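Student: One letter stands for each residue in the lines below.
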Amino acid sequence: MSDVIDLSSVHSHISRLEHNLDVVNANVGAVSEQVIAVYRQQELTKDRLDDLHQQFQEFVATDRKDKQKQFAATEIVRVRQEIEQKFGHHDIVRRTTTGILQATDLQMIRQNTIHTVTEQLMVTTPNYWLAPALVALSAWIKDDRSLAERGVAESIRRDDNKTSLFFALVCRRARRSEALTRWLSRYFQMQNPMAIDREVVVMLDGLANGVFGGGALLACSNVIEQWLTELEEQAGFLDDQRKRWAAQLDVMTPKPGDRDYPTLRKYAGNAPQLMKALCAARRNRAVHDFFTNLFMGELIVPPSIEAACDSLLDSLVANFDDEELPYRSEERLLALIKEEDGDKDAAKARFDAEAEIHQASTNFAAVLTNSAMNPEQLGATRATQRYAVSRSREWIMAAHNDLVARDRMEIPRQAGLTIASWSGTSTDGSNEKMLAADLRQHYNAKIDTAVSAVSLTSAAWIVLIAGILIGGLIMTGGGTAILIGLVLIAAATAFFFWKFKDLDRQRDAARQALEKEHDQSAAVLKAVLAELADYRHEVAIEDARSADVTALLESLSSPQFVLQRPEQRVSIA
Amino acid sequence: MQRLDAGTHQQDAAALQALLDAIAAEFPELGVDERPLGVVSRCFLGTPYEVHVCDLAGGIIEHFQHGRSMPPLFERARSIAAHGAYAFIEIYVSTIRAVAADGAVSVLNA
Numbered sequence: 281m282s283d284v285i286d287l288s289s290v291h292s293h294i295s296r297l298e299h300n301l302d303v304v305n306a307n308v309g310a311v312s313e314q315v316i317a318v319y320r321q322q323e324l325t326k327d328r329l330d331d332l333h334q335q336f337q338e339f340v341a342t343d344r345k346d347k348q349k350q351f352a353a354t355e356i357v358r359v360r361q362e363i364e365q366k367f368g369h370h371d372i373v374r375r376t377t378t379g380i381l382q383a384t385d386l387q388m389i390r391q392n393t394i395h396t397v398t399e400q401l402m403v404t405t406p407n408y409w410l411a412p413a414l415v416a417l418s419a420w421i422k423d424d425r426s427l428a429e430r431g432v433a434e435s436i437r438r439d440d441n442k443t444s445l446f447f448a449l450v451c452r453r454a455r456r457s458e459a460l461t462r463w464l465s466r467y468f469q470m471q472n473p474m475a476i477d478r479e480v481v482v483m484l485d486g487l488a489n490g491v492f493g494g495g496a497l498l499a500c501s502n503v504i505e506q507w508l509t510e511l512e513e514q515a516g517f518l519d520d521q522r523k524r525w526a527a528q529l530d531v532m533t534p535k536p537g538d539r540d541y542p543t544l545r546k547y548a549g550n551a552p553q554l555m556k557a558l559c560a561a562r563r564n565r566a567v568h569d570f571f572t573n574l575f576m577g578e579l580i581v582p583p584s585i586e587a588a589c590d591s592l593l594d595s596l597v598a599n600f601d602d603e604e605l606p607y608r609s610e611e612r613l614l615a616l617i618k619e620e621d622g623d624k625d626a627a628k629a630r631f632d633a634e635a636e637i638h639q640a641s642t643n644f645a646a647v648l649t650n651s652a653m654n655p656e657q658l659g660a661t662r663a664t665q666r667y668a669v670s671r672s673r674e675w676i677m678a679a680h681n682d683l684v685a686r687d688r689m690e691i692p693r694q695a696g697l698t699i700a701s702w703s704g705t706s707t708d709g710s711n712e713k714m715l716a717a718d719l720r721q722h723y724n725a726k727i728d729t730a731v732s733a734v735s736l737t738s739a740a741w742i743v744l745i746a747g748i749l750i751g752g753l754i755m756t757g758g759g760t761a762i763l764i765g766l767v768l769i770a771a772a773t774a775f776f777f778w779k780f781k782d783l784d785r786q787r788d789a790a791r792q793a794l795e796k797e798h799d800q801s802a803a804v805l806k807a808v809l810a811e812l813a814d815y816r817h818e819v820a821i822e823d824a825r826s827a828d829v830t831a832l833l834e835s836l837s838s839p840q841f842v843l844q845r846p847e848q849r850v851s852i853a
Numbered sequence: 344m345q346r347l348d349a350g351t352h353q354q355d356a357a358a359l360q361a362l363l364d365a366i367a368a369e370f371p372e373l374g375v376d377e378r379p380l381g382v383v384s385r386c387f388l389g390t391p392y393e394v395h396v397c398d399l400a401g402g403i404i405e406h407f408q409h410g411r412s413m414p415p416l417f418e419r420a421r422s423i424a425a426h427g428a429y430a431f432i433e434i435y436v437s438t439i440r441a442v443a444a445d446g447a448v449s450v451l452n453a
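Just so you know, the protein sequences line up as chains C and D, in that order.
Take any residue in the first sequence, count from 1 to its spot, add 280: that is its number in the numbering used here.
Take any residue in the second sequence, count from 1 to its spot, add 343: that is its number in the numbering used here.
No lab work stands behind these hints: they were computed from the structure.
Do not take every clue at face value.
As the list claims (entries may be wrong) - Below, a list of computed lysine to any residue pairs in the SDA-like style, where the Cα atoms sit at most 25 angstroms apart:
1) C:Lys523 - D:Val448
2) C:Lys523 - D:Gly410
3) C:Lys713 - D:Gly410
4) C:Lys523 - D:Ala428
5) C:Lys713 - C:Lys523
6) C:Lys556 - D:Thr390
7) C:Lys546 - C:Phe336
8) C:Lys713 - D:Thr390
9) C:Lys726 - C:Gly696
10) C:Lys523 - D:Thr390
Source: prediction; values computed, not measured.
All chains should be built: construct the whole structure from the sequences, respecting the hints.
Tutor: Structure representation (structure tokens):
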């Protein structure tokens with residue numbers, strides 16, 4: 281009986297081992313779940329980091345814009361103070377001009393008082409062309425021909441163009457038609473349409489507002505046509521005009537809204553180009569609205585020829601002094617930065633489009649363009665704006681057509697979509713079925729790869745082989761060593777089978793994770809394609825509006841936008 | 344240009360020459376180097392054809408399917424030709440000119 285081996289302790293050891301293996305199994309399962317949880321956490325963290333990065337970039341951009349806006353606001357004050365310091369005394373002379381004329385109309389002020397005031401201004405504002413012009417004006421009122429001639433001569437020496445226009449307007453105000461025509465002729469003779477001073481806008485204002493009647497009106501209309509004919513004979517003029525107008529229209533392109541196609545913007549690789557094309561197409565509406573609003577409504581016409589002339593005189597003396605030009609130009613750029621909420625690039629684009637306003641002399645066609653598009657910068661009236669647009673309509677249409685063609689060429693023909701690990705392309709969202717099938721196929725392949733990648737680890741094999749080898753080696757010792765060897769082999773085998781059994785669970789987990797990702801991607805794909813279809817629809821509608829702009833411009837003609845004042849109609853009759 | 348869809352010009356050399364002469368007659372005052380290199384327009388042969396090209400220098404007419412690339416100077420006019428708003432697109436070395444059915448010409452710098 282002593283040969284009988286008592287295996288009860290072996291059984292109990294094996295039972296304990298089984299129990300321990302169950303514990304290990306449960307722990308490994310828990311670890312596996314934790315690993316999946318960590319993986320999900322990592323994905324979540326990555327998404328949050330991406331969001332944070334995007335928010336940070338947006339914050340930096342906004343902060344930069346805010347600072348630019350604040351800087352522009354402060355600088356404007358400085359520039360205005362500088363203008364006030366350097367040219368503030370010109371203001372008194374300017375205000376005195378219409379003051380003298382109105383006082384003379386009312387016959388409330390003694391001629392000597394007017395004379396004294398103008399003499400004082402002559403002394404306090406050296407080198408300013410308007411001071412001797414006022415001395416001449418007061419001498420004329422006082423009937424002092426010699427002083428008037430000396431005043432006019434000095435004023436002409438200081439600034440011939442402005443003096444000629446100034447006295448043309450004064451003569452129109454006094455209804456001296458012959459003198460008006462002579463002053464205007466003198467002004468026209470000095471002009472070169474290739475390099476004309478900006479105050480020509482006052483002449484345009486006079487024409488468009490019906491201030492110049494009869495012979496002067498005819499002379500102005502003829503000279504404008506003559507200048508434009510001369511310009512059109514220049515090589516490259518038409519190309520320049522197209523580009524000039526294209527630049528003016530291009531800055532009317534609206535910016536994309538925050539709510540425009542958010543899913544498409546997030547998942548289309550070429551989203552910036554898609555949004556650019558959309559905004560360009562939306563410009564047609566902006567341009568159409570701009571011209572429609574310009575030609576809608578009544579014009580506010582000054583009640584009398586005196587008031588109309590005073591308004592033009594104010595504009596002539598206030599808006600066109602070349603010494604102030606660098607400061608006015610700086611002030612304008614800063615004001616644009618403020619208007620664009622600190623977006624320096626957008627402000628610069630607008631500033632460049634109107635750059636010719638800030639030059640002392642420029643091409644007459646450029647003056648016409650800027651009178652139409654930036655009237656407030658030149659002091660031009662709405663009537664002038666209408667006249668300038670209608671006179672420029674051929675160039676505007678050509679520029680509009682060029683821009684529309686350029687934008688049509690730049691509309692991306694396809695949207696490149698990237699959703700998680702899948703990518704595909706769509707023109708207008710109509711290939712949804714094909715893309716959904718492709719997405720399914722992509723994830724099927726991914727699932728197959730992931731599932732087949734789940735296999736026994738080398739550790740399981742090592743444990744099995746090492747357990748058998750070491751167990752066998754121990755068993756060669758005989759006696760209780762056999763028992764220990766068997767236990768070791770049983771443990772190694774049990775561990776191996778447990779790992780083998782766990783493979784199915786791991787495969788299921790991988791499959792489920794990827795199925796979930798597929799479902800999410802399929803939902804995103806559906807949303808992106810729906811937005812892409814809407815996008816194409818909107819672009820087509822906005823693009824078609826380009827024809828409305830052309831139709832509107834074709835309906836304009838410049839002669840109908842030259843005002844005829846009631847008194848002129850009477851005189852013609 | 345619309346007549347190119349009939350396909351006559353690919354088989355009939357005389358018809359092609361007549362077309363090229365007609366195009367040359369449109370530019371009497373221009374030197375050979377100032378004339379367009381070719382003309383691209385939308386192809387109405389139907390799917391899979393998208394645009395066709397009349398290469399004035401080589402005297403070749405070719406219809407292009409979706410995805411098949413065109414010669415380098417012509418490719419840039421592909422999308423605008425396919426847009427359908429223009430009768431045809433003239434290709435020059437430094438510019439392309441999109442001509443609408445009403446004769447309006449849009450100039451695009453390359």
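Student: For each hint, tell me whether it holds in the structure or not.
Tutor: For each hint, the structure was consulted:
A threshold of 25 angstroms between alpha carbons decides the hint, and for lysine 523 (chain C) with valine 448 (chain D) the separation of about 14 angstroms falls inside it, so the pair holds. For the hint linking lysine 523 (chain C) to glycine 410 (chain D), the alpha-carbon distance of about 33 angstroms lies beyond 25 angstroms, and the restraint is violated. A distance of roughly 21 angstroms separates the Cα atoms of lysine 713 (chain C) and glycine 410 (chain D); the hinted pair therefore holds under the 25 angstroms criterion. Taken as a hint, the lysine 523 (chain C) and alanine 428 (chain D) pair is honoured in the structure, with Cα atoms around 22 angstroms apart against an allowance of 25 angstroms.
The straight-line distance between the Cα atoms of lysine 713 (chain C) and lysine 523 (chain C) is roughly 45 angstroms, outside the 25 angstroms bound, and the hint therefore fails. Straight-line distance between C-alpha atoms of lysine 556 (chain C) and threonine 390 (chain D) comes to about 29 angstroms, which puts the hinted pair past the 25 angstroms bound. As the CA atoms of lysine 546 (chain C) and phenylalanine 336 (chain C) are separated by approximately 17 angstroms, the hinted pair is consistent with the 25 angstroms bound. Proposed proximity of lysine 713 (chain C) and threonine 390 (chain D) is supported: the alpha carbons are some 20 angstroms apart, at most 25 angstroms.
For the hint pairing lysine 726 (chain C) with glycine 696 (chain C), the CA-to-CA distance comes to about 21 angstroms; that is within 25 angstroms, so the pair holds. This hinted pair does not check out: lysine 523 (chain C) and threonine 390 (chain D) have alpha carbons roughly 38 angstroms apart, beyond 25 angstroms.
Checked against the numbered hints above, the structure breaks hints 2, 5, 6 and 10 and satisfies the rest.
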